[in-house]
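Q: Here's the letter readout for the chains.
8 protein chains.
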Amino acid sequence: MSDAQPRVGIVMGSDSDWPTMQAAAEALTEFDIAYEADVVSAHRMPTEMLDYGRRAHERGLEVIIAGAGGAAHLPGMLAAVTPLPVIGVPVPLRHLDGMDSLLSIVQMPAGVPVATVSIGNARNAGLLAARILAAGDPELTSAMLRFQETLADTARAKGAAVRDATQSR
Amino acid sequence: MSDAQPRVGIVMGSDSDWPTMQAAAEALTEFDIAYEADVVSAHRMPTEMLDYGRRAHERGLEVIIAGAGGAAHLPGMLAAVTPLPVIGVPVPLRHLDGMDSLLSIVQMPAGVPVATVSIGNARNAGLLAARILAAGDPELTSAMLRFQETLADTARAKGAAVRDATQSR
Amino acid sequence: MSDAQPRVGIVMGSDSDWPTMQAAAEALTEFDIAYEADVVSAHRMPTEMLDYGRRAHERGLEVIIAGAGGAAHLPGMLAAVTPLPVIGVPVPLRHLDGMDSLLSIVQMPAGVPVATVSIGNARNAGLLAARILAAGDPELTSAMLRFQETLADTARAKGAAVRDATQSR
Amino acid sequence: MSDAQPRVGIVMGSDSDWPTMQAAAEALTEFDIAYEADVVSAHRMPTEMLDYGRRAHERGLEVIIAGAGGAAHLPGMLAAVTPLPVIGVPVPLRHLDGMDSLLSIVQMPAGVPVATVSIGNARNAGLLAARILAAGDPELTSAMLRFQETLADTARAKGAAVRDATQSR
Amino acid sequence: MSDAQPRVGIVMGSDSDWPTMQAAAEALTEFDIAYEADVVSAHRMPTEMLDYGRRAHERGLEVIIAGAGGAAHLPGMLAAVTPLPVIGVPVPLRHLDGMDSLLSIVQMPAGVPVATVSIGNARNAGLLAARILAAGDPELTSAMLRFQETLADTARAKGAAVRDATQSR
Amino acid sequence: MSDAQPRVGIVMGSDSDWPTMQAAAEALTEFDIAYEADVVSAHRMPTEMLDYGRRAHERGLEVIIAGAGGAAHLPGMLAAVTPLPVIGVPVPLRHLDGMDSLLSIVQMPAGVPVATVSIGNARNAGLLAARILAAGDPELTSAMLRFQETLADTARAKGAAVRDATQSR
Amino acid sequence: MSDAQPRVGIVMGSDSDWPTMQAAAEALTEFDIAYEADVVSAHRMPTEMLDYGRRAHERGLEVIIAGAGGAAHLPGMLAAVTPLPVIGVPVPLRHLDGMDSLLSIVQMPAGVPVATVSIGNARNAGLLAARILAAGDPELTSAMLRFQETLADTARAKGAAVRDATQSR
Amino acid sequence: MSDAQPRVGIVMGSDSDWPTMQAAAEALTEFDIAYEADVVSAHRMPTEMLDYGRRAHERGLEVIIAGAGGAAHLPGMLAAVTPLPVIGVPVPLRHLDGMDSLLSIVQMPAGVPVATVSIGNARNAGLLAARILAAGDPELTSAMLRFQETLADTARAKGAAVRDATQSR
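Going down the list, the sequences are from chains A, B, C, D, E, F, G and H.
Per full-length UniProt numbering: the first sequence = residues 1 to 169.
Per full-length UniProt numbering: the second sequence = residues 1 to 169.
Per full-length UniProt numbering: the third sequence = residues 1 to 169.
Per full-length UniProt numbering: the fourth sequence = residues 1 to 169.
Per full-length UniProt numbering: the fifth sequence = residues 1 to 169.
Per full-length UniProt numbering: the sixth sequence = residues 1 to 169.
Per full-length UniProt numbering: the seventh sequence = residues 1 to 169.
Per full-length UniProt numbering: the eighth sequence = residues 1 to 169.
No wet-lab data here; the hints were simulated from the structure.
Idealized CB from N, CA, C, for every residue including glycine.
Incorrect hints may have been included.
The calculated label-pair distances, taken between Cβ atoms and stated as ranges, are [to be verified]: (1) Thr47(C) / Arg94(D): 45 to 55 Å; (2) Glu139(F) / Glu58(G): 47 to 57 Å; (3) Ser16(H) / Arg94(D): 45 to 55 Å; (4) Ala4(B) / Glu149(D): 55 to 65 Å.
Heads up, incomplete: computed chain C residues facing chain F, CB under 8 Å, no partners named [what the hints assert, rightly or not]: (5) Asp15; (6) Trp18; (7) Ala25; (8) Ala37; (9) Val39; (10) Val40; (11) Ser41; (12) Gly70; (13) His95; (14) Glu149; (15) Leu151.
So that you can see chain A by itself, here it is in the shape it has in the complex (with noise of 0.2 Å):
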């Protein structure tokens, strides 16, 4: 992270998320988006989750990326309290796969939307978070489509590799 002012803000319900959820720090960076990251706990420490919420937008955060597991409330309750985009990470716990966890985020009634990315998948988030600081930045537009770019390259070369395997026999 380097010590520019953060405009993601990567919040999470344990530091045991921390290893799902730094894959959202990791994409902010390849696009050179100052991020903060810090637990931030909706069951038990309640009023400081909400400040951090309310607080977010003054303190020149413009996404924030929350990630939780199981009756995962983080991301929902911290919707409702600022007027951010608020991008939801549902985090796999012991049992049940994530589908309490994607269900628990992404089922959000009328009014309070929460933007939930794939089950575990804080990488995507990241990018989710990029694409929207994007808009109207014509630099980190071109940033995301020379992203995709290496996508396909990455993708193409992996077809070389198939076709290989199966040339050879």
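Place chains B, C, D, E, F, G and H on chain A using the hints.
A: Frame of chain A, contents of chains B, C, D, E, F, G and H only:
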């Protein structure tokens, strides 16, 4: 609701949950337990929601019953700020038959329990509150035992009806 | 829809999705955000669908909202060709209550995120688009904060209704 | 377990459930609440199971915690014969990840509630019992409030760890 | 129901299950097998329920058919106290389409089997009882073979209807 | 159905499946592909069902379409005895929304494939049969390409309708 | 397996199911019930499978136990051609935890019942067969009652172990 | 893969799917059917993916086999642009056991069918392609019939193994 000091607080995210939740009130009335009912939305009035939870035991409440649907965060968020037992009622919405409500309520992390009852079954929430208050109250315990005997009597009467129906063939 | 340059594109696979999707348009209208709406079927007009996605940011769109049901490929395919944030609305079909739509939209692979909202909840898609556009726009941010205060006011009024209903007993 | 008169009975269908269920005992010990633990199988010793439930409140128990897996009938059957609050812990078995245990415990019919906690989360069952006993006990209420403050402190410390991890990059 | 000594006992938790369960009675009547029907609620009259199960084989019953919904404990509890084969019918309730009923009945632990049939399919429970009684009874075996031939005849007639419908186009 | 030698056999377990299955017949008619339709029940006339499957390719059939619901065994059993491609249509029954039908049809073991289409979507079964027959038939391939262009045209027209609806506001 | 005339046929789709299914054989051996075991694949040898089912009661078998996984058709297809009671064991495969096997076996249409036991629980299939054979056999009934008393004794001993474990603290 | 003109194209979203998908190639090799294999990602190289689909029948391919996982869009998108039959293989990812992959592939809208096989079962995709090509090819039909006889022989041998295992006891 009598004028007595409420011992149970029944809360829900919207008045559209009231047709489901009033069965809790009715059960408490059967046991002469004073209650209050209110809308306390986790997502639409989070500060007041936390205040409600935080002050509940100071105001004399002994149990909280909270109903919510979809990404149902109300019971868990109240449980995070009150030392009281919180009973969660999964309210079924238009899709998924209440499975999202159930998982969002019951799958709470270690440290913050919610006493969950069956989908849409606010009556059982009221009866569970009565059992909780009956612990250490011989009179209420007797009332609960009488209630259970009534259940048995009703079931026996239903048996007679079925036996008659099959006898007459 | 005003004559202004649309900032949000609302697309769907069929006009049968419009009754669900127009709630997104209504939410945008509440925030005075210009939008366009169209049918862009991933399965029935794939070339035009890709063209739509590829040209969206060049045409001045800043967010895409895509609704689809069943094996719902539209949001993900658009996300593959646009640098813009894509919001996916799982439209429930006759069977499976939208669970297939949800999983087909949210479970995107690393690299290509879709911001998924709750099943059938196009209103939240519109509100999420408004939040995305509000990031860095003080006026829109204020409007969003006012909107959230309105949600609280409405919830408070509902509480009064429930309190009255129980008081009068 | 101290020599004190047990206030909570922890029961399970088999000693193979003990590794899961002992977390309930540990939670009670943290709050100096005396408990007893036993195997009371609904399917293998039904008469003694009903006797246990029927006599529980006469023996001075105030809460029953029952863990069971699969077609989990123990919590519900005990709730049928005791006026005490019964807390059910869905124990996950080798298949279905505890979903069968959860539904078999939580989906009780009107009249016979079971206070269900999350899958495999016996610690929460112990904490819920403590909350139930704390209702009307200022000392135990204070202990619960201190415990909740501890949860917050721990969460705050974890936040520091995550902030450090991201700072040093 | 004839005056003959009943060989099959059909029981259910409530008379509201009778519209589902009477299809079992009708199937038995087709095979001239005497039965009795009763309400025996596991949760509302547990002692009598166990008595019913324990005495069933002494009273001359040879098979028990038990229908129940939600956290359906009746079939399993009866199986715990009778040496007779117990057939379980998962009765679908208002939510979850009978999946909770099915899992609560079929997922019995080793030692206490319940012969589970399809959701809401009491007719198959009656036919399974007939098969069980037919084992070692040549006359009943012949009746079952004739019944199966009838199924085939009916299916063949339906085929003619479909062939006609398509022919006439 | 024309008098031509049928190339596709449409079979189902009961004539109650015909309202679902006739969409397959209609799709084939659109492509001028001769078919036959019949009731061939795996469970009620198993011998004739196997005969149907075993003789299908000898009678000139090139594809079999089989619809079934619940524990849907017809497509898989036919696939076991015919060398022809078998297309399975999961017919939804009153409970479980076709999920049981889908899994019973699609989850075939290695060696015996069934080409499964979406729940209740017999039209797609007919179209898949047309594609199979089109492989190696330039005329039918052209018809399929024209059909796909029609799908695009229809989708484009729907887009105009949605654009009009939003324009006029 | 003794030399006695087998009364129970245990069949499965592949020898890879034997590790699961042999628990049925062991249960029968405990009750001195003669059995035979064989591979009878619905999908790989359908004609012989139907022959097995059709001839089973003529060869003196009184119950068939059939295990299968995935799109599990063996129990239902045997039930279609035999007048005997067929017990189905859902064998869990690598994916879906046996849920596909369970639904494919239990959700049989009216007319053709399969007595389904819990996922992977072949021991219960053996015990259910013993109960079926015990109906009308006082000696086997006594053995079943003794077996049930043994279950109770074992459960009681486990209770002592748990009580000791908690006592010593 | 021989030098012959490929008749089947096997494609996948990433080379990480190759260990699953090569079973399709092996099945085709057993039937001497020439194939090609490639990575054609719907999300990472959408233009080339559509090109692949659009040109497939012109290049002489007769069947496409496409494997994908999670929000699996490849089979459906290819089906949208080719007149050829497309076989979809749901590749299971780390979470949800392939249920998301299955629903994303099979639940296609009317007009665009995908022939879906069981989760992770690429071998069956290869065999289904062989059946499709065998329709109208007597030699390939004979090969398929011989293959099915081999399946039966193998199953019979497995039966002998199980009979021996139980005999020797």
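Q: Now tell me if each hint is right for this structure.
A: We went through each hint and held it up to the structure:
no.: 1; hint: Thr47(C) / Arg94(D): 45 to 55 Å; result: holds (49 Å)
no.: 2; hint: Glu139(F) / Glu58(G): 47 to 57 Å; result: holds (54 Å)
no.: 3; hint: Ser16(H) / Arg94(D): 45 to 55 Å; result: violated (28 Å)
no.: 4; hint: Ala4(B) / Glu149(D): 55 to 65 Å; result: violated (32 Å)
no.: 5; hint: Asp15; result: holds (4 Å)
no.: 6; hint: Trp18; result: holds (6 Å)
no.: 7; hint: Ala25; result: holds (6 Å)
no.: 8; hint: Ala37; result: holds (4 Å)
no.: 9; hint: Val39; result: holds (4 Å)
no.: 10; hint: Val40; result: holds (7 Å)
no.: 11; hint: Ser41; result: holds (4 Å)
no.: 12; hint: Gly70; result: holds (7 Å)
no.: 13; hint: His95; result: holds (5 Å)
no.: 14; hint: Glu149; result: violated (27 Å)
no.: 15; hint: Leu151; result: violated (24 Å)
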